[in-house]
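S.K.: Read off the chains here:
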Amino acid sequence: MKTLHRRRAAVALGGLSLAAGLAGCASAPAASDESGAPAASADYADGDYAATGEYQSPGGAESIEVEITLEGSVVTGVTVSGNATAGNALRYQTEFEDGIAAEVVGVNIDELAVDKVAGSSLTSDGFTAAIEQIKADAVA
Amino acid sequence: MHARTEAFDAAWSRFRDDSLVRRIATTPGSTELPSEAPALLDLYRTLYECTDGALSPLVGRALEQWGYDSAYHLRTRDSVAPVPRWEDAVAWDGRALHTVRPVVLDIGAAGKGYLVDLVAEVLAAAAITAFTIDASGDILHRGGAPLRVALEHPLDPARAIGVARLGDGALCASASNRRAWPGAHHILDAISGAPAMRVIATWVTAASTLVADGLATALFVGEPGRLAREFDFEWVRMLRDGTVERSSGFDAEMFA
Chain A
1 MKTLHRRRAA VALGGLSLAA GLAGCASAPA ASDESGAPAA SADYADGDYA ATGEYQSPGG
61 AESIEVEITL EGSVVTGVTV SGNATAGNAL RYQTEFEDGI AAEVVGVNID ELAVDKVAGS
121 SLTSDGFTAA IEQIKADAVA
Chain B
141 MHARTEAFDA AWSRFRDDSL VRRIATTPGS TELPSEAPAL LDLYRTLYEC TDGALSPLVG
201 RALEQWGYDS AYHLRTRDSV APVPRWEDAV AWDGRALHTV RPVVLDIGAA GKGYLVDLVA
261 EVLAAAAITA FTIDASGDIL HRGGAPLRVA LEHPLDPARA IGVARLGDGA LCASASNRRA
321 WPGAHHILDA ISGAPAMRVI ATWVTAASTL VADGLATALF VGEPGRLARE FDFEWVRMLR
381 DGTVERSSGF DAEMFA
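Residue numbers (my numbering), protein chains in the order written: chain A, 1 to 140; chain B, 141 to 396.
It is worth saying that the hints were derived from the structure and are not from the lab.
In this text the structure is predicted, and so the values were computed from the model without any measurement.
Where is the CB? At the ideal position from N, CA and C, for every residue including glycine.
All the given hints hold, so there is nothing to weed out.
A partial selection of chain B residues facing chain A, derived with a Cβ cut-off under 10 Å:
id, residue
1, 276
2, 279
3, 313
4, 315
Derived lysine to any residue pairs resembling SDA-like cross-links, with alpha carbons at most 25 Å apart:
id, chain 1, residue 1, chain 2, residue 2
5, A, 135, A, 70
6, B, 252, A, 63
7, B, 252, B, 143
8, B, 252, B, 283
9, A, 135, B, 271
10, A, 135, B, 275
11, A, 135, B, 288
12, B, 252, B, 174
13, B, 252, B, 272
14, B, 252, A, 54
15, A, 135, B, 273
Looking at chain B on its own, in the form it has when it is part of the complex (with noise of 0.2 Å):
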């Protein structure tokens, strides 16, 4: 496991000095990536489409520019340029990234709920049929009885909105409230180069840890009826104003 996830984070990490998405920060041209890769950048490629761009793995200059470095610096804004446009950017042909400038890859949106993914691959090659992968807001549920899960307030960690109940498959959350500065925080509008304001919340259920990290980051700039149409999912949100919006099949006993 220890050694999937260092390969994962080698390949992927905007902070190291040493990784693929840091190369390809620093040297435009053609790039084969691990073979990890096509799941990924298929699921971001159809939420840029779903979320007309909003939703974009290319915001990883505007992250730095907005102060989310490998500093963390939490620097308010100065300037920060416009994020471009996937089809300006990089193509890709489902082995190498192909770049004609650089480009600063920022995977946030999915690849953590991803990387469980590939971890309970691991688990599954050893025969091990019955766990659950808990990467803090992340989590994968496989056998055993069903998980009871607090779905943390987002404007006051000691209160839950609800509590989700999670049998086999994944639950992802996503909020503003952390990896937040001033005026600020780390989920980028890649339209608008800012933060997104409306929704500060977001819980998504799936069957893999992949899709529902990657929704419950697009909930925040995309509207849940067009994913819909793309993805098999359930969810929670909670917008500015405190109202709350569910689907229909969500598995919990909500208070909010």
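Just chain A, with the same shape it has in the complex (with noise of 0.2 Å):
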């Protein structure tokens, strides 16, 4: 799996590990201290959760799916599969895929989110979503 994540992260694309670079670069650098960011109330049980979400390309409706691994209320595994089958769509969602699991990966879930993202990007839409499903399937 460290192999894995190490190679996925020479490419990094998606909203979601956005937010995860953001909580590293706004506080403290002691970036395995959790003391400076906001206090984590939700706990999250731990397993393998798995949602879909949906977006809109310019060529259409899209969808992604993610499986998140959550152990202690911290992410430990990502998979995203895309279900784009043709143009701009599949190009993104395979860029999209390449980078986001080793950004993702050991972020407390709960700092996955800015409110808002401000950019040009679809496909975070959908991952944003599929997040929320699954913080809300977790919640112990």
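The two chains are supplied separately, each in an independent frame; assemble them into the complex guided by the hints.
M.R.: The structure is reproduced here in structure tokens:
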């Protein structure tokens, strides 16, 4: 698994991992110390979760499937599968999938959110939707 | 809200065969425009003047020729006709648009932001005072606590170049990394007829989403100081070489 994650770190794309990166950038350099982060109020039950997130692309509705492994409220594994069949959606989903695991793994799930992302991404809408479902499913 | 959105789309879509814009594209003459038109066209006119014609709603034909049409062909350039000058192609009297030849209007620079404002009016009429409308890149926030909004890196959407704080008002982002194809993207400089290349991403906060969206596009082809003489806004933009420029009043923690 570690090898897989490291390989995926080469290209980094995706809305959720963005939020993960923010937590590191915004707080003090002591990344492993959670004291500066917002209190993690929710506890999540360990386990594997899956959800499908929908988003709109210029080519029509697309969806991605997100599978998350939680241990002690921390994401320890992420798999993203795109369902795009053609065109830009396929290209973007491929890039998105390539980059996402390494960025998200090891980050407390409650930190995986700013309120909004302002850019031009489309896929991250689907990813965020899937994560919201998983968070709801996983609350202990 | 759906009715409002549908009416807007039916008038302004470049991609619908039954839209007003499509009719104007095929039939020269006088076309009475819907009640939302004055604010939109007035904004476009001001942006047109502030950018010396580089931002124009008349880029529709060129966008089609670059491949950004309803079928989203994404083909590369073969031949692109010059974008007509506003004063040569159209006259707007506040109610009707007069054209002497077919022109393809494209309100992509500000249309989505404007629709956000129009939907907000629907909410306000229903006495809803606290809400956030997120139209993927164009955000309007009213009431409640300020939002933290990540500013997505245009070359690496896994990263943010900063986090903006958005109280009451609009934040619009524009970037050339989507709706792009080899050698081209969807934000055209109307003077050259080619995609704007020096700037790769912009973010603007303003009181209305119409203005924020229009300025986010204008900052690709225009200079902030000139625009600031006409509009009250704060901004960030990233240039092709990675340089980040911003106004001193942009409320954000910046990482780049």
